[in-house]
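Add chain B to chain A, keeping to what the hints say.
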Amino acid sequence: MIELVSPSRCIDCNKCVEVCPTNVFDEVPGGHPVIARQQDCQTCFMCEAHCPVDALFVAPLAEPAPEGSAYRDEDALAAAGRLGEYREWIGWGKGRRPGSLRDRNGELTELASAHLTQRFQ
Amino acid sequence: MSRRRATALGGVGTGGGSDALDADVLVLGGGPAGTWAALAAATTGARVVLADKGFVGTSGAAAAGGNNLWYVPDEGDRRERAVRAREERGAHLTDRTWLRRLVAETWDRVGDLEAWGYPYPTDAAGRLRRSSLQGPEYMRLMRRQVLRAGVTVLDQSPAQRLVQDADGVVVGATGVHRQRGNAPWTVRAGAVVLATGGCAFLSGALGCNPDTGDGHLMAAELGAELSGMEFSSVYGMAPAFGAQTKGRMYQFATYYDGDRNPVDAAGFSGREVVARTLAAGSPVYARLDLAPPALREALRWSQPNFFLPYDKAGIDVFTDLFEVRLVLEGTVRGTGGLAVVGDGCETTVPGLYAAGDVASRELVTGAVSGGGSHNGAWAISSGTWAGTAAASFARRRGPAPRATTVPDEGRAGTGGSSSGRGTTVPREVVRDVQAEVIPLERNLFRTEHGLRGSLARLDAPWADAVPDLDASAEPAKAREAAAMVAHARWMYRAALARPESRVIHRRDDHPDLDERLTHRIRVGGLDEVWTRPEVPVREEERAS
Numbered sequence: 001m002i003e004l005v006s007p008s009r010c011i012d013c014n015k016c017v018e019v020c021p022t023n024v025f026d027e028v029p030g031g032h033p034v035i036a037r038q039q040d041c042q043t044c045f046m047c048e049a050h051c052p053v054d055a056l057f058v059a060p061l062a063e064p065a066p067e068g069s070a071y072r073d074e075d076a077l078a079a080a081g082r083l084g085e086y087r088e089w090i091g092w093g094k095g096r097r098p099g100s101l102r103d104r105n106g107e108l109t110e111l112a113s114a115h116l117t118q119r120f121q
Numbered sequence: 001m002s003r004r005r006a007t008a009l010g011g012v013g014t015g016g017g018s019d020a021l022d023a024d025v026l027v028l029g030g031g032p033a034g035t036w037a038a039l040a041a042a043t044t045g046a047r048v049v050l051a052d053k054g055f056v057g058t059s060g061a062a063a064a065g066g067n068n069l070w071y072v073p074d075e076g077d078r079r080e081r082a083v084r085a086r087e088e089r090g091a092h093l094t095d096r097t098w099l100r101r102l103v104a105e106t107w108d109r110v111g112d113l114e115a116w117g118y119p120y121p122t123d124a125a126g127r128l129r130r131s132s133l134q135g136p137e138y139m140r141l142m143r144r145q146v147l148r149a150g151v152t153v154l155d156q157s158p159a160q161r162l163v164q165d166a167d168g169v170v171v172g173a174t175g176v177h178r179q180r181g182n183a184p185w186t187v188r189a190g191a192v193v194l195a196t197g198g199c200a201f202l203s204g205a206l207g208c209n210p211d212t213g214d215g216h217l218m219a220a221e222l223g224a225e226l227s228g229m230e231f232s233s234v235y236g237m238a239p240a241f242g243a244q245t246k247g248r249m250y251q252f253a254t255y256y257d258g259d260r261n262p263v264d265a266a267g268f269s270g271r272e273v274v275a276r277t278l279a280a281g282s283p284v285y286a287r288l289d290l291a292p293p294a295l296r297e298a299l300r301w302s303q304p305n306f307f308l309p310y311d312k313a314g315i316d317v318f319t320d321l322f323e324v325r326l327v328l329e330g331t332v333r334g335t336g337g338l339a340v341v342g343d344g345c346e347t348t349v350p351g352l353y354a355a356g357d358v359a360s361r362e363l364v365t366g367a368v369s370g371g372g373s374h375n376g377a378w379a380i381s382s383g384t385w386a387g388t389a390a391a392s393f394a395r396r397r398g399p400a401p402r403a404t405t406v407p408d409e410g411r412a413g414t415g416g417s418s419s420g421r422g423t424t425v426p427r428e429v430v431r432d433v434q435a436e437v438i439p440l441e442r443n444l445f446r447t448e449h450g451l452r453g454s455l456a457r458l459d460a461p462w463a464d465a466v467p468d469l470d471a472s473a474e475p476a477k478a479r480e481a482a483a484m485v486a487h488a489r490w491m492y493r494a495a496l497a498r499p500e501s502r503v504i505h506r507r508d509d510h511p512d513l514d515e516r517l518t519h520r521i522r523v524g525g526l527d528e529v530w531t532r533p534e535v536p537v538r539e540e541e542r543a544s
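Which chain is which? The protein sequence lines are A and B, in order.
Heads up: the first sequence begins at 1 in this note's numbering, then just goes up one per residue.
Heads up: the second sequence begins at 1 in this note's numbering, then just goes up one per residue.
Hints were generated in silico from the structure; no laboratory data involved.
From the three backbone atoms N, C-alpha and C, an ideal C-beta is built for every residue, glycine too.
Mixed in with the good hints, there may be bad ones.
As the list claims (entries may be wrong) - Partial pick of chain B residues on the chain A-facing surface, computed with a CB cut under 7 Å:
#1 Gly54
#2 Pro121
#3 Gly207
#4 Ala240
#5 Ala243
#6 Ala313
As the list claims (entries may be wrong) - Beyond 12 Å from chain B on every Cβ pair, some chain A residues (computed):
#7 Met1
#8 Met46
#9 Glu74
Here chain B stands alone, though its shape is the one from the complex:
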């Protein structure tokens, strides 16, 4: 083991036995939201453990991708105008109070990044430009700050289940060290922050494969409610040969059909034409010929990770045509997730908080995609709020009781029982789920008939294959497979409950927006999935 890893593991032994740690706050997931949560909690003096499935510093969609933040100065009415614009674009499923606090909190926390030494660029006028964060740099810095704050980091240690006390309060989690023979770990904590990311169904979308909905499943096993799961049909544009889904550069794209004739689909607005063409089985090509030549060098330095795969493939995106495809980004760029029901990002389960993409971002995105700055700002702010609130909850409640229960590991539908006696290979279940959620004609262009068919084909494996998953070799992968089945079922039940088209949720059998459906939709349950409308969005906001 390298010296650095030993530091990160803190007091954890490196033997094959079971690790047991105590903390005030346990954070699960170490992308932006998890690291901000850990820092916020540690700042209050709390003892914090941060466990990540991968490596804190490379894990999460932001590390590979990067973030352009929703970043608006407090000048005149600029923020208020930005808030109103968001409400309009999100088709009025947002919450104005949350939007206002999001824009303010993000601004302040970005100031922290500057103080910690993030190498921001300056513009021609000599002003610092702080709205863009390049992924590798950002997350390397966040790892350094977390370790400096005294947080105990468990890398390569996926969480598997939450632990509750007799009052139903979440008081820790169990998991495995996947690079140490899946040796088990247990962390007992005063409160838990979930920051495990959204779910992109192992589609390969840039940086999204660790995001398999693990946190949603763990929370739902304790009865947590979700919201906005119908907003889960976002796809990223990628080269046909790869899966790199950074989207911004395609604002400069012209698209071409199989005969190399331009299709009427320039820039961002052409995305639907491209999707319909691809769904019909016809190839689409792109070229970024709208990029002004004078800007091209700057584009490269701004998003080197966009250009890297094309450079490696010998393609000049400004002059060469290249075939494209759409890659599912699910609830990573889509915005459904655990419902947050308090200012501290409380979930509906006591002691459990949700930050970043595992949480529903509807309050700040409405029905629009979370990509392009919403999610990055949300990760920073929701992480900060959740970490602070979890630390406060733990402090008020005192030491966690010794008597705790893990949800019955063998019960039907949770998958990956510790006995690991099942016979179903996780990869087979994943393949079955992908067949329902990845095709454009099933997930992007939804109909009642299609949704019901998919649900029938998803309910069956939930009942049969998931309880029979083989978790003996790779327990974390069995849990991922179970999590993805659950996720897909919530998505499509919620999609059925919204018989209209609203920004990213499209129903080809209901192509128009229905004003009567201007409310958020809760979804939950595992064996029996339910939906219900949330209380209507405030009248004052609908009227404006």
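Next comes chain A alone, as it looks inside the complex:
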């Protein structure tokens, strides 16, 4: 679930409000958007993908992170390279190549079935 809108990174573009498929955020006039309905978050990471400044962190948990969790600690998350991680993989952002160019799902089916066939014969 969404745990963080970084006040130091957020530029108030409200892209997260706009794109969230489950309407989790609220716009705040003159301020950063807020996580208004965390319980509606479906942990789909789409807001992270669309945030232009890597200001959001969605924890991998299906429930809110416990009090004091490292998933809520911006400094720790930033130091561990966790902010903007999804955008790096999908290659979104200035100067990046789309990650889909390295997608090998098409070959995967063939490779995997060959491998598994071998293993179980």
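Leaving out everything else, chain B in the frame of chain A:
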């Protein structure tokens, strides 16, 4: 409001008043099926409005998940062999004509994606690999194409009810703008395409929470028939701490019991052993140790969204054991939905078309799950067919008449009346439905006794709680709750009407397939739910 949103809203005012728009074709739902439908309709010159509960570009299971398409070149007998394989796997509830046109249409439309600039990879031989679509990239592109085609997009605007004319033809819909104080909107249209997705009962399955069966309810209120609703018991494997249900990587999994001993359940085939173990209340752990080391880097780039939650949790799926659970994906990965009765994905209600997961996919999946390429191809093709047919219908019929009726908003069983005077909190109804459809021992491992018990516990809230839903604060959530009760009742009535086990529909009291039941089952009704067998699948197909 950002500039981009203003563009998407087109001519819609941003005040708190009621929006009223006119269109030739109204598309409800903006995932793959809805965007393909909108594009197909706009290509014919139709004026198109596309309304989505969420945001066109992130909404729908595909945006978060991605699609591997059923994608077979027209070489020799490859397509025909693929069709026959599908018939076999779907236990002969498919329709050969639909399978043939699906494989052909999907191939052609994927060519459109290439032309529009989807960044496809090339393989070692330098050939473009076009069968896989990564969700964020795919749906960002579809949004761009829809806007370029002049479609008016209403984001964050869930539809609530369909509008009929005096002839019973669907001529529009009403809804609310949920980010503008639930201000109402009305779109009058020559025809409507439903592309609102399946129903995963707010289980949290990846990208599936917007899929609450809203379209099924709206259509059923006008008497639409459904089909294949017994094929609704699909669960996705997910980490115990999360709900990320991408399944493909588990073909490399070994599963372990609570003592960390391997259980006899490797790869995909082990899914039932895992499910039975979990249903018995014992933990199951997984590790993707069958993935060849040389392939692991490629796996990451192929499905970064699979690895993301584990990376964040500090788990290396190839070397660490992690606890798993099964998360309901209902009729998203399962395949029941509105019956389609014509080549243009017509429903049984005139003027109403169904595309993507809101439609029954039985014609092309039979009794098998729609995950793993069926549904992705179906969304593209059915969207294209429905959008084209709806535009043609609207053109033939001319301007929509001014006199129209919205189904009685206060009538029993529809939930979320506009007066919003009810006292039942939507979340309570959702919790009651989830208690019947989410447990493995109720939905995956079905018995007549269990189904009847669940139905009794679902019929009661339909009669009592649903008409009393409080829609004053969040009308869309009241409708979602009502839609899920209706959905569960169709699922379990249909499951009772199929006393056999057939691929994804399992009856523990009837563990074998019964040849006499090689036919599709229609279901419908709200206050009174009915089922009946559809006309038998063609003899020639059964014989082959």
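In rising order, the numbers of the hints this structure does not comply with: 4, 7 and 8
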